[in-house]
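Q: Construct all of the structure, not just a fragment, from the sequences and the given hints.
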Amino acid sequence: MKRVFLTGGNGDIGNSIKEIFINNGYEVTAPSSKELNLENLEDIKKYFINKNLDYDVIIHCAGFNNPKDIENLTFEDVEKTAKINYISFFELVKILSPIMKEKQSGKILAISSLYGIITRRGRLAYTTSKHALNGCVKTLACELGRYNILVNSVSPGFVDTKMTRKNNSQEKIDLLCKKIPVNRLAKPVDIANAVYFLCSEQNTYITGQDIIVDGGFMAEGGQAS
Numbered sequence: 071m072k073r074v075f076l077t078g079g080n081g082d083i084g085n086s087i088k089e090i091f092i093n094n095g096y097e098v099t100a101p102s103s104k105e106l107n108l109e110n111l112e113d114i115k116k117y118f119i120n121k122n123l124d125y126d127v128i129i130h131c132a133g134f135n136n137p138k139d140i141e142n143l144t145f146e147d148v149e150k151t152a153k154i155n156y157i158s159f160f161e162l163v164k165i166l167s168p169i170m171k172e173k174q175s176g177k178i179l180a181i182s183s184l185y186g187i188i189t190r191r192g193r194l195a196y197t198t199s200k201h202a203l204n205g206c207v208k209t210l211a212c213e214l215g216r217y218n219i220l221v222n223s224v225s226p227g228f229v230d231t232k233m234t235r236k237n238n239s240q241e242k243i244d245l246l247c248k249k250i251p252v253n254r255l256a257k258p259v260d261i262a263n264a265v266y267f268l269c270s271e272q273n274t275y276i277t278g279q280d281i282i283v284d285g286g287f288m289a290e291g292g293q294a295s
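All letters in the sequence shown, in the order written, are residues 71 to 295 by this note's numbering.
For the record, the hints were derived by calculation from the structure and aren't laboratory data.
Please note: incorrect hints may appear among the correct ones.
[Claimed, not checked] Within a straight-line C-alpha distance of at most 30 Å, the following computed DSBU-like cross-link-like pairs (lysine-lysine) qualify:
no.	residue 1	residue 2
1	236	104
2	121	208
3	116	173
4	150	164
[Claimed, not checked] Using C-beta positions, here's what the derived DEER-type ranges look like:
no.	residue 1	residue 2	range
5	143	102	24 to 30 Å
6	102	240	25 to 31 Å
7	142	275	42 to 48 Å
8	190	144	16 to 22 Å
We put the CB at the ideal spot given by N, CA and C, even for glycine.
A: Here it is in C-alpha cells:
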C-alpha cells in the first residue's frame with residue numbers, strides 16, 4: 071500500500087485531500103498541529119524519531135494567514151508565517167526524501183496560493199511566505215528530478231473554507247465570485263482533485279510547476295480588490 075504524509079490534514083482543503091487518497095487505497099498519515107509543531111524545527115525532527123519514514127507522497131497543506139498592515143505587522147508575525155508556510159516544508163523534505171531517493175521514486179507537493187503570484191494590502195507576511203514556497207518547489211524539482219522525484223505546487227484561488235470566511239466579509243466574497251469566470255468559490259474537492267492527479271501514478275513527467283486552480287480568476291487579471 072502506498073503511503074502519504076500530509077500536513078494540514080484537519081483543514082478544509084487538507085481533509086478533502088486526505089479523503090481522496092484514502093478512497094484510492096493510500097495509507098495517509100496526517101498529524102494534527104498538536105502532534106507536529108511546524109513552528110519548531112527541533113520538534114519536527116523529534117516527531118519522526120523511531121517512525122517509519124518510507125513515504126511515497128509528501129503533501130504540505132498546512133498554512134497560516136493573519137492579515138495585518140505594515141504598521142501593525144511584527145517580526146514575530148512574519149517569522150511564524152514563514153515557519154509554517156515554507157520553512158517546515160523543506161525540513162520535512164530533508165527528513166523524508168532520502169528513502170525516496172533510494173527507491174528512485176516519489177511525489178512531493180506543496181499547497182501554495184495566488185498570493186505567491188499577486189498580492190493585496192495586509193498580506194505582506196503571507197505573500198512573502200508563498201513566494202518563498204514556490205521558490206523551494208522549483209529548486210527541489212531541479213535537485214530531486216534525477217531520482218525520479220517529482221515536485222510541484224498547487225495554487226488554489228478563492229476556496230470556500232473557514233480561513234477564507236475568516237479573512238473576508240460576505241460582501242467581499244460576493245464581489246470575488248463576480249470576478250471569477252465560473253461565478254463561484256472553489257470547493258475543497260476541486261483542489262484535492264488537482265493534488266491527487268499530480269501525486270498519483272498518472273503524473274509521470276510534470277515537475278517544477280505551480281498549477282493554478284482558480285476558476286479562471288487570474289485569466290481575467292486577478293484583481294481581488
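Q: Checking each numbered hint in turn, tell me which of them this model violates, lowest number first.
A: Failing hints: none at all.
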